[in-house]
Amino acid sequence: MRILNLIPLLIIVSFVVFMFVHIIPGDPARLLAGQDATREEVELARSVLNLDKPLLQQYFIYMSGLFVGDLGFSIKSGASVAQIISDRILPSLGLTFASIVWATVVGMLIGILSATFRNRWPDQLGMLTAISGISLPNFWVGLVIIQIFSVQLGWFPTGGAGSWQSYIMPSFALGAGIMAIIARFTRSSLVESLKQDYIRTGRSKGLGKGSIVFGHALKNSLIPVITVTGLQFGFLLGGSVVVETVFSFPGLGTLLIDSIQFRDYPVIQALILLFALQFILVNFIVDIIYGFVNPKIRYD
Amino acid sequence: MNTVTMESPKDLPKRKSRMQKIVKEITRKKVTLISSIFIMILIIAAIIGPWITPYNPAAPDYSNILSPPSLAHIFGTDAYGRDIFSRILAGTQISLSVSVSAVLIGAVIGTILGLVSGFFGKLVDKLIMRVCDVLFAFPDIILAIGIVAILGPGLRNVVIAVAFFSVPSFARLVRGTTLEVKEQLFVESARSMGASRRRIIFKHIFPETLPSIMVYFTMSIGTTILAAASLSFLGLGADPSTPDWGAMLSTSRDYIGSAFHVVFFPGLIIFLTVLSFNVFGDGLREILDPKLKD
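Those sequence lines, one after another, are chains A and B. All residue numbers for the first sequence refer to this note's numbering, where the first residue is 331 and numbers rise by one. All residue numbers for the second sequence refer to this note's numbering, where the first residue is 35 and numbers rise by one.
Bear in mind the hints are in silico, worked out from the structure with no lab data behind them. Note that the coordinates shown come from a computational prediction; the quantities given were computed from them, not determined experimentally. For glycine and all other residues, C-beta sits at the position ideal for the given N, C-alpha and C. Among the hints, a few may not be true.
As the list claims (entries may be wrong) - Here are some chain A residues pointing at chain B (derived, C-beta under 10 Å):
hint	residue
1	Ile476
2	Ile590
3	Ile602
Whenever a hint applies, use it, and build me the whole structure from the sequences.
Next up, the structure:
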């Protein structure tokens with residue numbers, strides 16, 4: 331049922347991205363044929379790109395290409411876009427995964443500590459960390475930690491994705507904002523749970539603080555935390571473009587920026603679609619997890 | 035005519051006391067107070083900054099390049115020998131006006147869409163919300179990058195791109211409040227008295243949505259400053275020669291190894307600015323929306 335609801339959204343999103351190549355200024359056919367191409371060459375490029383066909387037919391060609399993994403060809407290198415993307419996708423996924431994992435673990439820990447020691451110094455420190463994390467420009471964090479840990483201390487490589495060590499600093503810079511948001515939501519959600527009657531019951535039965543927080547309250551606080559993690563995933567995808575640029579990380583983000591500088595529209599188009607699909611997919615998964623964590627919610 | 039004279043004396047003291055209450059609440063919490071003072075300094079700097087810079091922010095001084103912070107140049111100088119403090123001061127206007135105007139455009143369009151969507155419901159509502167869903171499917175920065183890729187780089191296009199991705203959030207927020215307010219008794223009575231739909235929307239429903247719009251507006255300024263700085267950093271925003279904060283970081287990153295201060299200070303000011311808007315927004319939310327207080 332949920333999947334059925336998703337289909338119209340996917341169709342509209344793909345159409346919007348498809349239209350991208352039609353609203354850009356300039357003629358994509360001329361761009362492909364080159365600056366000093368003859369009229370015939372431009373026309374040839376136009377038919378290669380199917381731009382001479384009616385718009386709807388073009389959309390169908392584009393969509394049927396998508397289903398078999400045909401995303402067109404790069405204007406810059408002539409290689410297939412699917413190939414270019416598949417070379418870059420693994421480092422990016424690794425980076426995103428590393429960021430979300432540490433951000434969730436640390437964010438929830440800070441949130442739990444803050445809620446347990448509400449209005450005392452661990453709470454104040456935790457929330458100060460959180461609001462600073464949301465306010466930090468991730469590219470600046472990246473540049474500062476490169477200066478400290480690579481240039482001065484020499485602990486980590488300044489960029490690239492050659493070894494696991496080269497993932498540490500980018501995932502730190504990328505995850506800091508999400509960590510902060512998760513910490514704030516865990517705290518407020520847990521504070522809310524701790525006010526409930528069943529917690530008072532537990533306390534009156536003589537349960538310890540740890541058992542109350544971890545055994546009872548936390549489970550019920552997870553739902554908003556999961557939702558917000560899903561929503562913030564988009565923030566992570568966007569941030570990856572910036573952070574990858576800072577660390578010269580060979581992922582999809584740097585590919586996007588390179589392609590924009592070269593006006594390599596087929597690659598830009600495919601990447602924007604891919605980012606949107608990832609975001610939709612993650613929110614879809616979050617919806618499903620939601621149902622598992624809280625069986626009261628059933629989609630029917 | 036009678037209604038006008040009857041309304042104003044009753045409304046005026048109430049509104050004034052509410053404003054006074056907000057100001058009192060702001061001064062009560064220390065962090066909110068500090069952040070509001072910092073924001074005021076920023077606003078003053080944005081207005082008069084370009085006239086009070088100690089050095090000409092655009093004039094190169096090749097005898098004095100990349101010099102570290104000193105008494106003469108408290109934030110040091112950049113790769114062209116330009117005073118970094120003067121550039122940050124002059125750039126306050128650019129950075130603040132870009133984000134404030136982007137959020138303002140987004141808020142106005144989003145609020146109107148939200149009011150219309152929530153008030154009229156049915157097909158209009160479905161259509162507007164579907165468009166919002168589509169916009170939400172694209173991560174903010176990716177959407178902005180896509181728009182800048184279409185329109186070309188430059189600050190004006192950054193404003194358009196950032197305004198674009200702020201619209202759906204405001205629309206959704208305002209729609210939610212509109213749906214709640216619409217059912218309340220005073221709207222019902224206004225309707226029964228024959229008030230026009232436009233009057234009901236703008237005179238009765240809109241004021242109720244204002245507190246949450248104000249909170250979200252303040253919070254959005256922080257996010258927007260970050261987004262605009264990110265775009266400039268990626269080379270998609272401000273022209274590298276302008277003293278925009280993001281552009282300053284972008285042009286100076288090549289010198290980070292030899293002169294850390296060229297990167298440190300512009301980033302620090304972005305951080306402090308965003309932080310104070312976020313802290314202030316948090317404080318404002320606690321005051322205007324007591325439901326969220328814990």
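Against the earlier hints, flag every one the structure doesn't satisfy and list their numbers going up.
Every hint satisfied by this model.
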